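J.: Residue numbers (the numbering used here), protein chains in the order written: chain A, 1 to 306; chain B, 307 to 709; chain C, 710 to 980.
Derived by calculation from the structure, the hints in this document are not laboratory data.
A quick note: this is a predicted structure, and the numbers were derived from the prediction, not measured.
Possibly wrong hints are sitting among the right ones.
As the list claims (entries may be wrong) - Chain C is nowhere near these chain A residues, computed Cβ spacing over 12 Å in every case:
no.: 1; residue: Arg28
no.: 2; residue: Pro34
no.: 3; residue: Thr39
no.: 4; residue: Ala82
no.: 5; residue: Phe84
no.: 6; residue: Val87
no.: 7; residue: Thr89
no.: 8; residue: Asp164
no.: 9; residue: Pro169
no.: 10; residue: Gly178
no.: 11; residue: Trp221
no.: 12; residue: Pro230
no.: 13; residue: Leu233
no.: 14; residue: Ser245
no.: 15; residue: Val291
Claimed, not checked - Subject to a maximum C-alpha distance of 30 Å in a straight line, what follows is the list of computed DSS-like cross-link-like pairs (lysine-lysine):
no.: 16; chain 1: A; residue 1: Lys168; chain 2: B; residue 2: Lys615
no.: 17; chain 1: B; residue 1: Lys350; chain 2: B; residue 2: Lys591
no.: 18; chain 1: A; residue 1: Lys168; chain 2: B; residue 2: Lys483
no.: 19; chain 1: A; residue 1: Lys168; chain 2: B; residue 2: Lys690
no.: 20; chain 1: B; residue 1: Lys591; chain 2: A; residue 2: Lys168
no.: 21; chain 1: B; residue 1: Lys595; chain 2: B; residue 2: Lys502
We treat Cβ as the ideally placed atom computed from N, Cα and C, and that holds for glycine.
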Amino acid sequence: MRPAGAGPVGRPGAGGGPGRGPVRAFVRALHRRPRLRLTLLLSAPLAWLVVAYLGALAALFLSAFWTTDPFTSDVVRTWTTANFREVLTTSVYWHVALRTLGTALAVTAVDIVVAFPIAFWTARVAAARHRNLLVVAVLTPLWASYLVKAYAWRIILSAGGPLDWALKPLGLSGPGYGLPAMITVLAYLWLPYMILPIHAGLANLPEDVLEAAADLGARSWRTFRSVVLPMVLPSVAAGSVFTFSLSLGDYIAVQIVGGKTQLIGNVVYSDITLDLPLAAALGTVPVAVVVLYLLAIRRTGALDSL
Amino acid sequence: MRATRHLAATAAALTAVLALATACGGSSGGSGSVGSDGKLHPPKMTAQRTLGPREGAVNLVAWAGYVEDGSDDPKADWVHPFEQQTGCTVHVKIAGTSDDMVSLMKTGQYDAVSASGDASLRLIAAGDAAPVNTDLVPNYKDVFDGLKLQAWNSVGGVAYGIPHGYGANLLMYRTDKVSPAPTSWGAVFAKDSPYKGHITAYDSPIYLADAALYLMRTRPELGIKNPYALDQKQFDAAVALLRQQNANIGEYWSDYLKEVSAFKSGDSVLGTTWQVIVNTAQSEKAPVKAVLPSEGATGWSDTWMLSAKAKHPNCAYAWLNWIVSPQVNAQVAEYFGEAPANRLACDHTVDKGFCAAYHAGDSAYYRRVWFWTTPIPQCVDGRKDVTCVPYAKWVQAWTSIKG
Amino acid sequence: MRLSRTARILLRSAAALGLAVIYLPLLLVLVDSVNADRSFGWPPGGVTGRWWADAWHSAGARSALWVSVRAGLGATAVALVLGTLVAFAVQRYAFFGRQTLSFVVVLPIALPGVVTGIALNSAFRSVLPPLGLGFGLLTVIIGHATFCVVIVFNNVVARLRRVSGSYEEAAMDLGAGPFQAFRDVTWPLVRSAVAVGGLLAFALSFDEIVVTTFTAGAGVQTLPVWIFGNLARPQQAPVVNVVAAVLVLLSVIPVYAAQRLSGDTAAGGRI
């Protein structure tokens, strides 16, 4: 990385080329002013992401300190911390928040376990000419509608459905709708988001490192554990950002296969129209969890390998 | 060093953001108030006196299946004929829940909404819905009298909408799995139910009224007169009953498809339902039956309401008149599976037994049905010495019941 | 990498099993699209081609598809511009708040959709009316673009990290102007990453429902919103299955194209 303010420095006299006309003149002028170039590069994205997006978020969380008219459900702008007190002191919100956190972690764990062998196979084992095709195979389900996939799982998990039918010879039956079903379905929905980063991480492993490990007499498992795993850990962490945060905010799949379970997303959603300030206060819970998670993940360098 | 810079950057960004945040934010508009008489006084608005020239377009918020233009099912099209006759182009936004409807209407972009009773009073109280001059809706005269000027579509004798269609929340059960056949809501509220894990209930705070309805009969000492007017003590009893029921619930349902598939597979064997769900499940050979239990039932009666900020009021009036015209009301009732509001509609249904199947105009039947009404602090049963628990609290209680 | 025979077999079976699990639900969607019953169920009630015929004639599905394509293209275009700009800024410059910026870019996709949705919804409600605007396709595009930026950013920044700035400098040392250096050297190197990022961003926008719900105007029905609405209609569930089946079949084309584009690096796209 370059020192601050340096930017790619052009050689005096070498910036020539047969540049004529206003565009080229402009480009050349820009080239001599890295600060100006940076400003131009950043002004549009900053306006969008920081001013518009973060601004909207901040406005929402500011409204968490407001209250509603019990009569009309309109937002009344009187400053109060009552909503946060309610969120913190109501036991059901704690239960729901912890259940949601547990679900998100479980989904992430399941996805890591399932994604690893698939990614390993697509990135390092399968014949090189098949690799792209395999990645296509992994990505295709992303295009099938989320809702339709969730409903398909509803059939699979139904009483006497395909899963029960397949497990019957073994004397078992499926989990039915509920928390385990929800974790399964969420893990299914977000699986490609885990496979892809791990695939990319594995594909980028330099072959010579693996060769070296093998030359030093390391067996498959040993190479995997002490060479491969540490090197793709950031990729795993990157994938987990998706599986974790998408599970944390989901409220639709939960309704379809969750039985009577509810997650924090459902609670936020149910309060939006009648009590927006309370919904906003509840919304700070997943936001805080995600931000903490991202900060923790950033230490692994995962955000650079997203 | 890097950390400090990072913090400074974050702080700078936050300052900018907060400055912006204070500039924009939530909204609050003109809204109603509670008079000294304890009655609901919506914001003063007068209904339109005469119809003006039509504006060429109308924006509607509706339940799925209420505003069909044939694009999903070529046989269901009552939008194109309307557009041809009136010159009003229809734009529709499908709402999934009553809450969606309320928030969409608050945006002020829509002219009319097919509100259910758990939304209508909210819209009226907040000043989002305007009174309707029923003289400008010629077909209103043929609407069943039992649906006119009710608690969920009027305030103080002023109509706030045109009835669209209605139905009851019945008790459905699998004939092969549930015996004896249930005749009381006690079946879904029993503590030690043999059907534990396979009972279903409607996933909405308004379901609290079903518990209140049951308590009306079984615990007369609570003095519940109307399941939508619960003081704190009555409310707590209903919540306690649903908490106890939660242990036996397999899943809560909110969309009709989920309910049909659950009863077909046997994941659910007993619980609340709508007539259309019964019919669909039976047509797919699921062994189910539905009854109107001895305690009666809750039900819904949908109302087309006008927005107070309607930009196309004249086209909206044209739509109100159109949707309750006999033929169209018959079409939409049959497509959706509910009793039509217009009594002449029964002559136009494709299935001649339709109105009988849905008990349209059967006043003895519907006398036992409590139609959804938004609970507000002013008890809708007329009590003035207590405050009733408003709907926002029902929502929070519903969250805590589900746990 | 050298693997023992057992490891190879184990790995292959695990991966095959995983892929089977990925595809079984999709197969079920396909089966159900010819299921004679109206609601989903198992076992299927019989075979019919009726739903495929209905779907073919469904103007609603077609117009929703078109709305989704337009929303996706709009959001992708914005995301391409913003994402590429941020990627160049972050990877080629050092500046105050650089770390924070790459963090902020990730936020829109990491935060729950329902939070992003209501935040944008209330912001639009207070900002748009004074401008004489309402909710519409544009608001959907703005909402989608916000979380699509990160996809483009990730792909381009990963490429830029591998392609050091020294190529450009070398080009300029050889006499190329900055414009020419960018056109002839930098752009060809990042082009495929930009394309892959764009395709994945499009895919993300295409299947988004939560933010869409809160940002779409009257009559703006994207395909997922159409599907949601039709799952609630008494007559339409089977047609939804057909649409989903068609989407799966069609999706092979863009995904394969994306892989071809990024294939030169064998690294695949990045989400």
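J.: Do the alpha carbons of A:Lys168 and B:Lys615 lie within 30 Å of each other, as the hint requires?
T.: With Cα atoms ~59 Å apart, A:Lys168 and B:Lys615 exceed 30 Å; violated.
J.: So is A:Trp221 really clear of chain C, every C-beta pair being over 12 Å apart?
T.: violated (7 Å)
J.: Taking the shortest Cβ-to-Cβ distance between A:Leu233 and chain C, state whether it exceeds 12 Å.
T.: Since the minimum Cβ distance to chain C is about 16 Å, A:Leu233 lies beyond 12 Å and the statement holds.
J.: Would the non-interface assignment of A:Gly178 survive a Cβ cutoff of 12 Å against chain C?
T.: holds (18 Å)
J.: Is it the case that A:Ala82 keeps its Cβ farther than 12 Å from each residue Cβ in chain C?
T.: The claim stands: A:Ala82 keeps its Cβ more than 12 Å from every Cβ of chain C (closest is about 19 Å).
J.: Determine whether the non-interface label on A:Asp164 survives the test: each CB of chain C must be over 12 Å from its CB.
T.: violated (9 Å)
J.: Does A:Arg28 really sit off the interface, with its C-beta more than 12 Å from all C-beta atoms of chain C?
T.: The claim is violated: A:Arg28 sits with its nearest Cβ about 6 Å from chain C, within 12 Å.
J.: If we take the beta carbon of A:Val291, is the closest beta carbon in chain C still more than 12 Å away?
T.: violated (8 Å)
J.: Regarding the pair A:Lys168 and B:Lys690, is the alpha-carbon distance no greater than 30 Å?
T.: Given pair A:Lys168, B:Lys690 is violated - Cα atoms ~61 Å apart, limit 30 Å.
J.: Taking 12 Å as the cut and beta carbons as the points, is A:Thr89 off the interface with chain C?
T.: It holds; A:Thr89 is separated from chain C by about 22 Å at its closest Cβ, greater than 12 Å.
J.: Are the Cα positions of B:Lys350 and B:Lys591 separated by 30 Å at most?
T.: Outside the cut-off at roughly 53 Å; violated.
J.: Just want to verify: A:Thr39 was marked as not at the interface with chain C; is every Cβ pair farther apart than 12 Å?
T.: violated (10 Å)
The earlier numbered hints that this structure contradicts are 1, 2, 3, 8, 11, 14, 15, 16, 17 and 19.
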